[in-house]
Amino acid sequence: MQDVLFYIFAALTLVCGFLVVANPFTRNPVTSAMFLVLTIMSMAGLFVLLEAFFLAAVQVLVYAGAVIVLFLFVIMVLDLQVEERRKYPRSAMLSGGIVAAALLSVMLAAMRELPGTTDGPALEGSTAALGGLLFRHYLLPFEMVSVLLLTAMVGVILLSKRKLK
Amino acid sequence: MNVGLHHYLIVSAVLFSLGVFGVLLRRNLLNIYMSLEVMLNAANLALVAFSRFNRNLDGQVLVFFIITVAAAEVAVGLALIVALFRMRRSTYVEDLASMKH
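Note that the protein sequences, when read in sequence, are chains A and B.
Heads up: the first sequence is residues 2 to 166, going by our numbering.
Heads up: the second sequence is residues 12 to 112, going by our numbering.
The hints are simulated quantities; they were obtained by calculation from the structure and are not laboratory data.
Yeah, the Cβ is synthetic: ideal placement off N, Cα and C, and Gly gets one too.
Hints may be right or wrong, so weigh each one.
As the list claims (entries may be wrong) - Covered stretches of chain A (chain B as the covering partner; in silico rule of three or more C-beta atoms under 8 Å from a C-beta of chain B):
1. 28-42
2. 72-81
3. 101-111
To be verified - Sample of chain B residues lacking proximity to chain A, with all beta carbon distances greater than 12 Å (derived):
4. His17
5. Leu36
6. Lys111
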């Protein structure tokens, strides 16, 4: 059952990921954003299969909730005209394909070196275990991330002022 | 065949390559940015898979931090794109090549 679910979610992730980066039917950024939501949702499904329940919830809340809404806001603020006439340059398609294929083959070759995995007792990525680790062992990085978020917030407010002084 | 670490890593590698392909192919800054998000998600998937199959929660903590930093990065990046659009009235990379000459 879990294997079937894995194949379903993996196929969904890859198909929607492809439609995010290179949709053959439309060039509209809104469509890409919507397929990004689907990619992220199916990836949350993969996280559940990996028993990372907290991260699955965070993935849906932060990515599918906050990040995509931000993307859609910006797309609508910019009021872009979809310029269908702009074709992808053939050189970009070629070089992108070559680079992506080379990268993929390198990663797959590196994977062959991996030692076989041991299927031991399952690791519960439960909120309690993760929270204990986060607030004991990783307390300093946690606080630093909060400062980083504050900095990002101040920076965004400054950047979105009409006159930069 | 049982689904193991390799299956998840292959999905992650293919997704990462798709993101690279999108960054090189697309000409709209917003679409390039979405491809970057796809790449970040692929890295997250690899980390969670390693964490699960090595029975070590540290990988999941790292993914938590990556998601937080990615949210901050998206906010700043989109603010930059909006500021750029105000100056140049375009988000296509061909129109933003004034450093080229």
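Structure versus earlier hints - violations, ascending order
Of the numbered hints given earlier, those the structure breaks are 4, 5, listed in rising order.
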